[in-house]
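S.K.: The numbering of the sequence shown is my numbering, which starts it at 1 and goes up by one.
Hint data in this document are derived by calculation from the structure and do not stem from the laboratory.
Wrong hints could be hidden among the right ones.
Simulated restraints on C-beta separations [to be verified]:
1) ASP31 x SER74: 42 to 52 Å
2) SER106 x ARG227: 18 to 28 Å
3) TRP105 x ASP79: 21 to 31 Å
Idealized CB from N, CA, C, for every residue including glycine.
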Amino acid sequence: MTRAETVRDAVVAEVARTGFRAHGLHVLVGDDAAEHRWTPDVREDVQSIAKGVCVLATGIAVADGAIDPDAPVSASLTDVDFGAGTDAVTLRHLLTMTSGVDLPWSPTLLTDWPDLAREFLGRPSRGRVFQYSNASTYTAMRVLGARVGDVGRFVQERLLTPLGIDDAEWERCPNGHIASGGGLLLRTAEVARLGRLVRDGGRVADRQLVAPEWVAAMHGDWVAAGRSPAYERYALAGWDGPGRLWRMHGANGQLLLFDEAVGAVVTITADDHASADAVAASVAVLLAGGAR
Numbered sequence: 001m002t003r004a005e006t007v008r009d010a011v012v013a014e015v016a017r018t019g020f021r022a023h024g025l026h027v028l029v030g031d032d033a034a035e036h037r038w039t040p041d042v043r044e045d046v047q048s049i050a051k052g053v054c055v056l057a058t059g060i061a062v063a064d065g066a067i068d069p070d071a072p073v074s075a076s077l078t079d080v081d082f083g084a085g086t087d088a089v090t091l092r093h094l095l096t097m098t099s100g101v102d103l104p105w106s107p108t109l110l111t112d113w114p115d116l117a118r119e120f121l122g123r124p125s126r127g128r129v130f131q132y133s134n135a136s137t138y139t140a141m142r143v144l145g146a147r148v149g150d151v152g153r154f155v156q157e158r159l160l161t162p163l164g165i166d167d168a169e170w171e172r173c174p175n176g177h178i179a180s181g182g183g184l185l186l187r188t189a190e191v192a193r194l195g196r197l198v199r200d201g202g203r204v205a206d207r208q209l210v211a212p213e214w215v216a217a218m219h220g221d222w223v224a225a226g227r228s229p230a231y232e233r234y235a236l237a238g239w240d241g242p243g244r245l246w247r248m249h250g251a252n253g254q255l256l257l258f259d260e261a262v263g264a265v266v267t268i269t270a271d272d273h274a275s276a277d278a279v280a281a282s283v284a285v286l287l288a289g290g291a292r
């Protein structure tokens with residue numbers, strides 16, 4: 001039995017023990033992979049893992065020379081009435097949630113305002129203060145779109161299609177822009193392909209899709225995010241922890257868990273928001289030696 005199969009079986013047992021409402025599981029350790037399903041294999045909203053997709057797309061555009069992540073967003077969006085200090089916010093600030101602009105999430109976020117990006121940028125900035133917000137990623141993709149055109153198409157052509165992920169659906173706002181912070185529909189195995197790309201430093205087969213230094217920043221350029229366990233540090237779409245892991249974490253239990261020490265990526269899709277942190281912690285223990 002491979003290490004991936006051993007970890008898979010241990011995670012399946014943990015799900016059975018806790019009653020976690022998992023949908024799908026994919027385990028990659030080295031070049032060995034193992035999968036398990038609890039529900040039919042369909043595409044579903046990967047929630048905030050979509051933020052990581054937006055970050056990867058931005059990295060591609062940066063390598064193309066299409067955009068400077070550290071230039072003020074006012075250089076790309078020239079017809080916006082900026083709030084106090086917001087004109088100095090950069091694309092990197094938006095992606096790391098450090099714009100200092102406060103715009104809380106709501107279930108109707110994409111339709112609460114005539115233009116969500118204009119509303120976000122019209123508010124004042126409190127400086128480089130962490131504030132997690134789907135509106136921040138949405139606004140980042142509006143900035144990117146000013147340089148590359150339709151971001152959904154750009155993501156499909158430059159990132160998803162090379163990974164063998166065809167015709168991905170993405171929720172859009174009434175103005176036609178992708179939701180960005182969520183709303184991307186993928187299968188568990190498709191999320192796992194994104195995870196493998198990230199683990200391998202932006203490389204797939206013999207092709208470098210995303211610059212390795214940009215991928216490294218997804219779990220290296222940490223900013224202080226708070227004091228809750230496993231939510232203390234955030235980078236470009238990545239959370240530090242639990243344990244020696246880092247992760248992309250979407251609502252309702254969408255998890256991409258990375259253990260660089262053993263070259264592992266554990267992908268979980270689910271419908272169980274409350275128990276996701278505990279499951280992630282159990283995977284950290286398993287990969288650290290509990291499942292051999």
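S.K.: Could you run down the list of hints and mark each one as holding or not?
M.R.: Hint-by-hint comparison with the structure:
no. : hint                        : in the structure
1   : ASP31 x SER74: 42 to 52 Å   : 46 Å, holds
2   : SER106 x ARG227: 18 to 28 Å : 25 Å, holds
3   : TRP105 x ASP79: 21 to 31 Å  : 26 Å, holds
Violation of the numbered hints given earlier is absent; every hint is satisfied by the structure.
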